[in-house]
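Undergrad: Spelled out, the chains give:
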Amino acid sequence: MTRNTDRLQLLVIEDEALIVMDLEYMIETAGHRMVASAASVRSLEQLDPEMAVDMAFVDLQLAGGSSGLDAADYIREVWPDALIVFVTANAKALMPDIEKGHAVVPKPFTEHVILTTLLFLNEGIRTPPPKSTTPRDLVMNTVLERRLQLA
Amino acid sequence: MTTHEEDWHQTGDVAHDQGRGDPFAAAVRSTRMPMIVSNPRRRDNPIVFVNDAFLTLTGYDRDEILGRNCRFLQGVDTDRESVDRIRDAVAREEPIQVDLLNYRKDGTPFWNALFVGPVHDDDGEVQFFFASQIDVTERVKAQQAVIRQNAIVEAQVRDRTRELEKALKVKEQALEEKTILLHEVDHRVKNNLTMIGSLLRLQMSAIEDTGLARTLEKMLERIGALATVHKTLHDSSDIRRFDLGTFARGLTGDVISASGRDDIEVIDRIEEVDVDPVQATALGLVLNELLTNTVKHGFTDGRSGRLGIELRPDEKEVVIEISDDGPGFDATAIPRDTLGRKLVERLSHQLGGTTKWTSSSEGTTSITRILSDPA
Numbered sequence: 089m090t091r092n093t094d095r096l097q098l099l100v101i102e103d104e105a106l107i108v109m110d111l112e113y114m115i116e117t118a119g120h121r122m123v124a125s126a127a128s129v130r131s132l133e134q135l136d137p138e139m140a141v142d143m144a145f146v147d148l149q150l151a152g153g154s155s156g157l158d159a160a161d162y163i164r165e166v167w168p169d170a171l172i173v174f175v176t177a178n179a180k181a182l183m184p185d186i187e188k189g190h191a192v193v194p195k196p197f198t199e200h201v202i203l204t205t206l207l208f209l210n211e212g213i214r215t216p217p218p219k220s221t222t223p224r225d226l227v228m229n230t231v232l233e234r235r236l237q238l239a
Numbered sequence: 378m379t380t381h382e383e384d385w386h387q388t389g390d391v392a393h394d395q396g397r398g399d400p401f402a403a404a405v406r407s408t409r410m411p412m413i414v415s416n417p418r419r420r421d422n423p424i425v426f427v428n429d430a431f432l433t434l435t436g437y438d439r440d441e442i443l444g445r446n447c448r449f450l451q452g453v454d455t456d457r458e459s460v461d462r463i464r465d466a467v468a469r470e471e472p473i474q475v476d477l478l479n480y481r482k483d484g485t486p487f488w489n490a491l492f493v494g495p496v497h498d499d500d501g502e503v504q505f506f507f508a509s510q511i512d513v514t515e516r517v518k519a520q521q522a523v524i525r526q527n528a529i530v531e532a533q534v535r536d537r538t539r540e541l542e543k544a545l546k547v548k549e550q551a552l553e554e555k556t557i558l559l560h561e562v563d564h565r566v567k568n569n570l571t572m573i574g575s576l577l578r579l580q581m582s583a584i585e586d587t588g589l590a591r592t593l594e595k596m597l598e599r600i601g602a603l604a605t606v607h608k609t610l611h612d613s614s615d616i617r618r619f620d621l622g623t624f625a626r627g628l629t630g631d632v633i634s635a636s637g638r639d640d641i642e643v644i645d646r647i648e649e650v651d652v653d654p655v656q657a658t659a660l661g662l663v664l665n666e667l668l669t670n671t672v673k674h675g676f677t678d679g680r681s682g683r684l685g686i687e688l689r690p691d692e693k694e695v696v697i698e699i700s701d702d703g704p705g706f707d708a709t710a711i712p713r714d715t716l717g718r719k720l721v722e723r724l725s726h727q728l729g730g731t732t733k734w735t736s737s738s739e740g741t742t743s744i745t746r747i748l749s750d751p752a
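So the protein lines, in turn, are chains A and B.
Taking the numbering used here, I'd label the letters of the first sequence as residues 89 to 239.
Taking the numbering used here, I'd label the letters of the second sequence as residues 378 to 752.
Derived by calculation from the structure, the hints in this document are not laboratory data.
Note that the structure is predicted; figures quoted are calculated from it, not measured.
Take these hints with a grain of salt, some might be off.
Claimed, not checked - Here are the simulated DSS-like pairs of lysine-lysine, each with C-alpha atoms no more than 30 Å apart in a straight line:
no. : chain 1 : residue 1 : chain 2 : residue 2
1   : B       : Lys-733   : B       : Lys-693
2   : A       : Lys-180   : A       : Lys-219
3   : B       : Lys-673   : B       : Lys-595
4   : B       : Lys-555   : A       : Lys-219
5   : B       : Lys-555   : B       : Lys-482
6   : A       : Lys-219   : A       : Lys-188
7   : B       : Lys-518   : B       : Lys-482
8   : B       : Lys-733   : B       : Lys-719
9   : B       : Lys-555   : A       : Lys-180
10  : A       : Lys-180   : B       : Lys-595
11  : A       : Lys-180   : B       : Lys-673
12  : B       : Lys-595   : A       : Lys-219
13  : B       : Lys-548   : A       : Lys-180
14  : B       : Lys-555   : B       : Lys-543
Okay, chain B solo, but in the shape it has when bound (with noise of 0.2 Å):
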């Protein structure tokens, strides 16, 4: 074993610079990659062979390297993990590969992908250490950039939904406050409404004058349509549509109920229609005035019958139609003048659209034709 030693030390010692020996040992010599070998029986494993591409990547001369432990080429950023991993492979005579942050002679220092393996005899036993560098600096850095802009982004990504989430809870309170202003103006709303029928309803106790006392009749049940139109809007699920087939079925009832008759059957043929909430007043009204109309003109004297109502879409219209099978009337002959008349023609003009009355011995039809969205 000692032979072979010296038989190695003769080759570095004498060939070391005129790369003679064997061709293995010359190309060792001659490669550019940096390499050297160390020898583990030698008290602290010293560097042994050292080649010109590792001078040329150190700065270092040969004689300032050969004996010495590379542990001269770490420094203060050199991460004491990595050197204990290294230690710890020498120990067990594994090899290791490990990226290393060295220092040159001149204390610059460069990111060295190191490879330190055993080299054994034919008994198994570890001769020498063989090390391979490769200055991967710009890898290295190439990476530490990667890593570096990917905690940026993710701190700006992180700042941002913190930033978002922020903005969000803002929208919720905001949001919230608003849904418990809309509450309290339905509210307040819904009171003052209640206290005008309340108003007009003492008024009208105390009035003698039949007339009058029918007048302020009307302007109650007018006043109870637009209560329903808001009970309705307020009361449904999404308040940007108003619901018109429910509440002109629940209108019918409630005209009807209120007459008093309960000898008017309701053919019902209304189709789920929705409106833009801002027609909804308007209508609201206009369907008041034909149903109280019909309800009064078209079941005159006791006489039952039934009473339709029809709703249905058509294109960017709605079609409204209340019919009776009373006697009918000479539509040319109805005063135009009343102020029920006047609601309904100029409310329909408002929504777009037209209310137009034909008449015969089999019954009176109103068709009210208006835009379903407002343009």
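Chain A extracted, bound-state conformation (with noise of 0.2 Å):
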């Protein structure tokens, strides 16, 4: 498995598809791949464990009643490496289940958002700290700020 250092390799959990399109379509675009997406925890245990993740965007509500944070426990348990960024528009209710994860994106995103938050992860993975400045509406806890040599 040969791997471009700079790509990122990346989960979409999400039961709309539109917007794993629209995701889809802004990873690609900023030079990133998405490697596979889910509607729910279920399909997401589907998935091949051996594939390289390095991170996950995850929705909280997901089809069939599961929950983003089932999803993110999943993750955590087969790719630990990988960073987990909840894309919620319960972005509030969430704060204190940041845990389960490493940052939030609160919905409605812009384009914008997505790609300045892409550029700041994958420059704070590859060499820590992030030159890039904090997108704005990036919520990050202090395990990821520890990562990224922020704290």
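Assemble the dimeric complex from its two separately framed chains, guided by the hints.
TA: The structure is reproduced here in structure tokens:
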């Protein structure tokens, strides 16, 4: 498995097909790759655990009544190094559970926020601390701040 | 001692009716206060003297009373505990005062403010018990009425309190339901705004015509501004006010950052201003148009510079000034029919105000005055 070192491999866990398409488009625009998407925890569990995942965008309310928090638990177990970014319209209510992931981007998002978030986190993973400024809408937990050497 | 008793009896027997004897005895006989004397040294402490007032009070004749223990005045509703207290006091040879329910000869009850006290001889031996009675039925009735009234009022207060607590609980539940509902609506609005953004972006990616793509991009920016208005409103602690200052500061950052320009310095003179949420959406769109236009036209050809944003309350109005230090333009020459220009004018009007531009070689400034609360 050869990997472009600057290219992130992303999972998108989201039950709205339209939003998956949009995120995929933005991920590709930024030069990264969406390796898989899943609309529920169940379909997430069907994915090949061997594939490389650097980051996951995770919605909170998923198909079949499943929860993005459970998805996050699964991702942490299978891909322990992956950054988990919740993308949710419920950012305020999520805050106590942010420890299940690393960061939150509130919905509705702009293209600018998604692109700067990808840039910022990619820089942070490859060569911490990141050079670009923190996107205004991005909320990080302390684990991520330490990992990006911001704290 | 026997002599004393005999003497007294003589007075009583002989002078009951006539009021003879010593002046004290005469006073006792004729006073309007009912009085009796009993002899504890005889069996069952019988009454040995009774005055006329007592006969009047109870309705008995003298010969029906003399020789009897005074318990014959008690009846079915007489309080047993009070009777016990009297008996104990008599046994201990102590004075006692108690309100007791007694009955007349005809069976009618009356409240008797009874005083019973021992009468000692020179050696300290108890010779007699002296008892006086006052009919206090009216007073006791009044007291009981007050107690009853208090009980009624207390019961009413309890009932009312319970009702209020119940109503409060219902209100709390309703509020909780409303909060959940509001939260749900907020969630759906945010999701829908996300979907609209996604749709437009996907459409944009499929368009090759740059002019058309630019138009869609402007729409996306406007929808982004609406989304920011919504987030600012719903994430604030008080959804009845719209924090215009925080919103304007955030939007300015967003617009500059989205333009990709890192050479525009923001001069922030934003004061804390709240407006009615009814104004929020239109204001958000106006600010968005003014800011994107300033960034686009004020710093052309890669010219760096300063963007000023000033926000201040002015009595019932809010004044918003957005300026650049660009080369300026001929204010009369701006095309009036662009959508952006129309939006600013019509929405400013809707907000109860105006937007005016001034331009010189020092730069361009737009001044928007709107009402902070619509009439």
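Undergrad: A separate judgement is required for each hint: does it hold in the structure or not?
TA: Here's how the hints hold up against the structure:
| no. | hint | verdict |
| --- | --- | --- |
| 1 | B/Lys-733 with B/Lys-693 | holds, 19 Å |
| 2 | A/Lys-180 with A/Lys-219 | holds, 28 Å |
| 3 | B/Lys-673 with B/Lys-595 | holds, 12 Å |
| 4 | B/Lys-555 with A/Lys-219 | violated, 45 Å |
| 5 | B/Lys-555 with B/Lys-482 | violated, 72 Å |
| 6 | A/Lys-219 with A/Lys-188 | holds, 26 Å |
| 7 | B/Lys-518 with B/Lys-482 | holds, 21 Å |
| 8 | B/Lys-733 with B/Lys-719 | holds, 13 Å |
| 9 | B/Lys-555 with A/Lys-180 | holds, 17 Å |
| 10 | A/Lys-180 with B/Lys-595 | holds, 29 Å |
| 11 | A/Lys-180 with B/Lys-673 | violated, 34 Å |
| 12 | B/Lys-595 with A/Lys-219 | holds, 29 Å |
| 13 | B/Lys-548 with A/Lys-180 | holds, 25 Å |
| 14 | B/Lys-555 with B/Lys-543 | holds, 18 Å |
In the structure shown, a violation is registered for the earlier hints numbered 4, 5, 11, in ascending order.
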